[in-house]
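*Asks:* Sequence:
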Amino acid sequence: MQRLVFIFILFSTLTGCSGRQNQNTDRIKSNNYAQGFRLIRNENITKLSVFNPWEKAENISVDYYLHPKGSLLPDSLSNQKVIKTPVKRVVCLSTTHIAFLNELDEINSIVGISGSQYVSNPKLRKRIEAGEVPDVGYGQNLNYEQIVSQQPDLVMVYGVGSEVTSFTQKLEEMGIPVILIAEYLEENPLGKAEWIKFIGALFEKEKKASTFFSQVEEEYLELKQLAAGETNQPKVLVGSPYNDTWWVPGGNSYMANLIADAGGDYLGKDNQSNESFAISFENALVWGSQADVWINMGNLSSKKEIRTADDRFKNFRVFNEGRIYNNIKRLSPHGGNDFWESGTVNPQLVLRDLIHIFHPNLIQEEMIYYSEIK
Numbered sequence: 001m002q003r004l005v006f007i008f009i010l011f012s013t014l015t016g017c018s019g020r021q022n023q024n025t026d027r028i029k030s031n032n033y034a035q036g037f038r039l040i041r042n043e044n045i046t047k048l049s050v051f052n053p054w055e056k057a058e059n060i061s062v063d064y065y066l067h068p069k070g071s072l073l074p075d076s077l078s079n080q081k082v083i084k085t086p087v088k089r090v091v092c093l094s095t096t097h098i099a100f101l102n103e104l105d106e107i108n109s110i111v112g113i114s115g116s117q118y119v120s121n122p123k124l125r126k127r128i129e130a131g132e133v134p135d136v137g138y139g140q141n142l143n144y145e146q147i148v149s150q151q152p153d154l155v156m157v158y159g160v161g162s163e164v165t166s167f168t169q170k171l172e173e174m175g176i177p178v179i180l181i182a183e184y185l186e187e188n189p190l191g192k193a194e195w196i197k198f199i200g201a202l203f204e205k206e207k208k209a210s211t212f213f214s215q216v217e218e219e220y221l222e223l224k225q226l227a228a229g230e231t232n233q234p235k236v237l238v239g240s241p242y243n244d245t246w247w248v249p250g251g252n253s254y255m256a257n258l259i260a261d262a263g264g265d266y267l268g269k270d271n272q273s274n275e276s277f278a279i280s281f282e283n284a285l286v287w288g289s290q291a292d293v294w295i296n297m298g299n300l301s302s303k304k305e306i307r308t309a310d311d312r313f314k315n316f317r318v319f320n321e322g323r324i325y326n327n328i329k330r331l332s333p334h335g336g337n338d339f340w341e342s343g344t345v346n347p348q349l350v351l352r353d354l355i356h357i358f359h360p361n362l363i364q365e366e367m368i369y370y371s372e373i374k
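If you read the sequence shown in this note's numbering, its first letter stands for residue 1, the second for the next number, and so on.
Please note that the accuracy of each hint is not assured.
[Unchecked claim] Result set (BS3-like, lysine-lysine): computed pairs, CA atoms no more than 25 Å apart in a straight line:
{"no.": "1", "residue 1": "K84", "residue 2": "K56"}
{"no.": "2", "residue 1": "K88", "residue 2": "K208"}
{"no.": "3", "residue 1": "K303", "residue 2": "K126"}
{"no.": "4", "residue 1": "K56", "residue 2": "K69"}
{"no.": "5", "residue 1": "K269", "residue 2": "K88"}
{"no.": "6", "residue 1": "K224", "residue 2": "K81"}
{"no.": "7", "residue 1": "K29", "residue 2": "K88"}
Treat the hints as calculated values from the structure; they're not laboratory data.
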């Protein structure tokens, strides 16, 4: 009932000047997997809603209205967050945004970036090294003057907490449109990738975005079905200690879902959180004795480095008898990892790598993001 009331209000707002209502012009574009956004189109106006756009956010919804450049803005939207489309100049405050723009052929639209040293995309790296795309900082170190000088149509932001609103508000007060992108909170790998539809709408490339996502979805589901036929699921250990604390993915997290879809038995699956949780080294030792495969241990690239990091790893059965792989095959010179960049929008490629690791009889192609640790 609440949804019907919402739709009616939106429709009335966007068409009030016409004096007529035509329910057929209001279209909600439902998502197959993504939980963090909704898109509603009405004639020339598209409403994008972002839900709970940072960690631990509850009952928060932020609405944006996309309005074609050159057309008259309805009075009803004068006090709303309006983004003029198509966006032509954008500042990205997360490297994951780069991968979405790459698939939309919009890399050249990027005029500012946060954390430029971590960028993996070769096209954007060339532009950064040529001085065409400056680093604008982030959070308390955001360079507002630099952003203004780039004359962006939009700043794409992610937030790890509510403090993000302090600098988004300041940017808006300076007349710079801002939009929150929360793909990183999606638990379903396809849910992350589906945010390309959201971003595609900003560039008036919804059809291209939908076509790309449909292909990703088809390939992902085919691979998932392939792995589902394997009854022997290897037990999987994830991660390594950081400052003496071993953080592992929650059992309902993005990584845990990838492992399950690839036919692996994740040892942290019983914790049903979607967030990482800490385990003791003693617990890790138990898991290390049970695991057949160990993945994602930071930037460690050899067994020697693993033992140097903590000599106790030599007591892990998986260290001595199992298989060890790390997602470090595509590191940038300064520590960026393309696993977290292009892998976000291409979960089918990550899934293929994991199936190769868990069930090498099924996938023989060379891995894209993972390397075997020896």
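*Asks:* Tell me the numbers of any earlier hints that the structure contravenes, in ascending order.
*Replies:* 1, 3, 4, 5, 6
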